[in-house]
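My request is simple: use the sequences and hints to build the entire structure.
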Amino acid sequence: MKNFKFLNNDSNVWSKVYIKNGYLWHTKQIDSLKLQQIKSILYKKKDINIKLCNKILFNLNCHFGLIIKYNNIIVAATDVARTYPLFFSEESGSVLISPQAKIIAQSKRFEINKKQLLAYQMSGYTSGSETLWRNISGLLAGQFLLIDKKLSINSYYNTLSKNNINKKSFNVEKKLEENIFDMLKRIILKANNRNIVIPLSSGLDSRLIASGLKYLNYKNVKCFSYGLKNNYEARVAKNIAKKLEYKWDFVEISQKNVKNFYDSEFYKDYFSNGIDGCATPGIQDIYTIYKLKKKNYFSDSDIIINGNSGDYITGGHLPAEAKIWRKESNINNAFKTINKSHLNKHYSLWKQLRNNKNDKIITELLSKQIKSYPTGSTKNIDPFILYELLEFHNRQTKFVVNLQRIYDFYNIDWLLPLWDKEVIDFWKNIPIEDKINQSLYKNVLYKLNLSGVWSKEFVSQQNISPFWIKQLRLIFKSMHIFSDTSNWYNFEKKYLYYWMDIICAYSMLSYKEIIKNNFDARNSIAWHTLLSEKKLFNKNWQNKINDK
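Our numbering puts the sequence shown at residues 700 to 1247.
Treat the hints as calculated values from the structure; they're not laboratory data. What you are looking at is a predicted structure, and each value in this text was computed from that prediction instead of being measured. Fair warning: there could be bad hints in the mix.
[Claimed, not checked] Quick list of the computed label-pair ranges, beta carbon to beta carbon:
| # | residue 1 | residue 2 | range |
| --- | --- | --- | --- |
| 1 | LYS946 | ILE1180 | 45 to 51 Å |
| 2 | GLN1241 | PRO1165 | 25 to 31 Å |
| 3 | ASN1043 | ASN771 | 46 to 52 Å |
| 4 | ASN870 | LYS750 | 34 to 40 Å |
| 5 | VAL1158 | SER1185 | 41 to 47 Å |
For glycine and all other residues, C-beta sits at the position ideal for the given N, C-alpha and C.
Okay, here's the thing in structure tokens:
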């Protein structure tokens, strides 16, 4: 066996358990029963091979990170949604494994991967298994690392869609109903009468969880919402919670109070520790949880359940043109079909970075990633499947999953039921006509109307908060009435988004810093990515923003 070391971070997410002939490092959701099952399987064997790993990992019905050292063999694995990332490096006969690529990079000098740094600057995350440093890689969803005489990367779960449902013999709406209720029952089983806390919005996914638990008569549920005062998301959420008879709390976010929070050492500690060297840290409800913790809102046994990432998995992220994409017999042609659309959606954080040279570099990275998938023998490849795979293995299981690190930072347990293996299994085989605009998902949810919160009275049109910026926006918009639409859009994004963002995510910087910057940011994530790059390397590609 090669020399091996696990470089843990300062969180209490990982625990070490000694076993006969070795030990396990595991995350919270692998409970004592699951640990005992793993031990029982191991003790029957002298050695660990790929077949045994597949058996252990495929049957772990939870979100997990797992490292096994047994009889001089090492296994490291992450779940089917990569909710607990693992990174590794193999050099000079030794192997380092860590929950953060950054920690491995700090252990010795690693060369920066300039192409992946560009991908990070343009999207907020790296592409595929590579990180911001050469010779440091990460496991993708459903993968495991096996070290015996040599190191190998294997998949115990194939995220590639087969898309082979015979709709004549498969009642897809009925099957989705069954899948939804099975998911809700798993939540109840895992919660085991503990308090479930739901960050409730006006969207479909958190509402499904809240209304489904009510329908199945689970009692211990409470909800919270957050954002600017009188924002439309919170108004709808309040009405939903009232109908469901759930306790509902609202955390108001304003420029002043969140700015003070972002300037605090507490927040700086979170942001700095949350940079893993693969994806920008998420900040969605970091301030909200802070305020609720101050009020003793959470008990030690509470579980947070959010709706991530139901909108992605049910088709909500597919572009409109996907419905006219034709099947291809050649994977290169299928990739060409999706490439431009994927670049426009995911690699446009900064307008100035979108040029032919950079687009070519990103295209090469994505093409390399696509060719690593087991699609070689697949006939009639649906381009939309490749589109979803790239988003799943990059944005979703890196940037979106990083939002769960907020709960880990506060030592709050969580579940992510819309990324259960059974849910992924169902949706990865649904044809595109049922996924565009989330048509199947919406049809079934509104038809079920769980607990009566899916009617028109619980729909609200998106509006702009606060009131003063709404009025000011109308004045400025009238001044652009004779100019090109793009001019108005660019003006609004540059000068008004700062005040319109529901969670005040721009406030890590001052308004003056935002409007004086000569580069065109797409959204607040662009600024967070810029700041995280500065935190990692003491400079960023602009090298003009003062580190907060």
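Against the structure, the hints:
Evaluation of the 45 to 51 Å hint for LYS946 and ILE1180 yields a pass: the beta carbon distance comes to about 47 Å. Take GLN1241 and PRO1165: their Cβ atoms lie about 30 Å apart, and the range 25 to 31 Å holds. Range check, ASN1043 to ASN771: Cβ separation about 49 Å, and the 46 to 52 Å hint holds. Evaluation of the 34 to 40 Å hint for ASN870 and LYS750 yields a pass: the beta carbon distance comes to about 35 Å.
Roughly 30 Å separates the CB atoms of VAL1158 and SER1185, a value that falls outside the hinted 41 to 47 Å.
Of the numbered hints listed earlier, the single one contradicted by the structure is hint 5.
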